[in-house]
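Enquirer: Taking the hints into account, I'd like the entire structure generated from these sequences.
Protein sequences, first through last, are from chains A and B. The letter at position 49 of the first sequence is residue 49 when you use my numbering, and the numbering goes up by one with no holes. The letter at position 2 of the second sequence is residue 2 when you use my numbering, and the numbering goes up by one with no holes.
Quick caveat, the hints were computed from the structure, so don't treat them as lab data. Where hints are given, some of them may not hold.
Said to hold, decoys possible - The calculated lysine-lysine pairs, modelled on DSSO-like cross-linking and capped at a C-alpha distance of 27 Å, are:
hint, chain 1, residue 1, chain 2, residue 2
1, B, K78, A, K50
2, A, K66, B, K83
3, A, K25, A, K40
4, A, K50, B, K83
5, A, K66, A, K40
6, A, K25, A, K50
Given the structure is predicted, the values throughout are model-derived calculations rather than measurements.
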Amino acid sequence: MPIENEIRRLRFENGEMTQAALAEKVGVTRQTIIAIEQNKYAPSLEAAFKIADAFSVPLESVFHWKKD
Amino acid sequence: MSFREKSAWIALLAYGGVFGAYFVALWRSWDPAIGQPLSIGLLVAAMVGFVIIVTALTIIAALLNPTAANAPADEREKLIDLKAERAASYTLSVGVLLSMTGLLMGFNGFLIANVLLASLVAAELVKAGWQIASFRMGA
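Expert: What follows is the structure in structure tokens.
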């Protein structure tokens with residue numbers, strides 16, 4: 001997956017926010033948050049913005065494009 | 001395990017178990033002379049059994065986690081559903097082509113109907129299997 005993310009670190013920095021709590025804020029299932037966090041699923045732009053909003057950071061602080 | 005993955009498992013087990021038993025029973029009892037009336041009885045029993053099993057297991061799964069059961073599918077679940085439906089449609093297409101070939105070759109109409117039913121069941125098994133594999137792999 002060419003898109004990497006900082007969700008695990010951001011959860012830690014936000015009081016060890018649980019995957020379930022993040023899932024509720026974003027409006028997806030906990031399994032989807034797990035898949036995104038493990039780089040197995042690239043979220044839609046809307047979900048990506050919602051994740052960034054949940055951490056109150058800009059999108060580029062959460063997701064990075066990994067060039068080959 | 002998400003509610004939708006549980007639903008896929010329920011579909012896989014119900015389709016595989018009930019219609020697997022139906023086709024085994026049909027195979028053993030098939031007789032061109034009397035097979036057809038017997039098959040109709042078997043088919044009705046299989047369909048009633050299938051509905052009861054799926055309904056009961058879905059109710060149990062929903063009672064165990066009512067919040068998840070009432071939640072709409074999220075984007076990843078919808079994408080998994082779409083991919084599973086596509087794989088199922090290919091399976092069904094193969095079955096329809098086989099049935100058409102059988103009809104053109106003059107096979108018994110009741111046999112063709114069962115080939116079509118088998119195609120529908122196979123398509124649902126592929127769909128449920130695809131969903132489960134996708135959920136397990138995290139895709």
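Enquirer: Identify every previously stated hint that the structure contradicts and give their numbers, smallest first.
Expert: none
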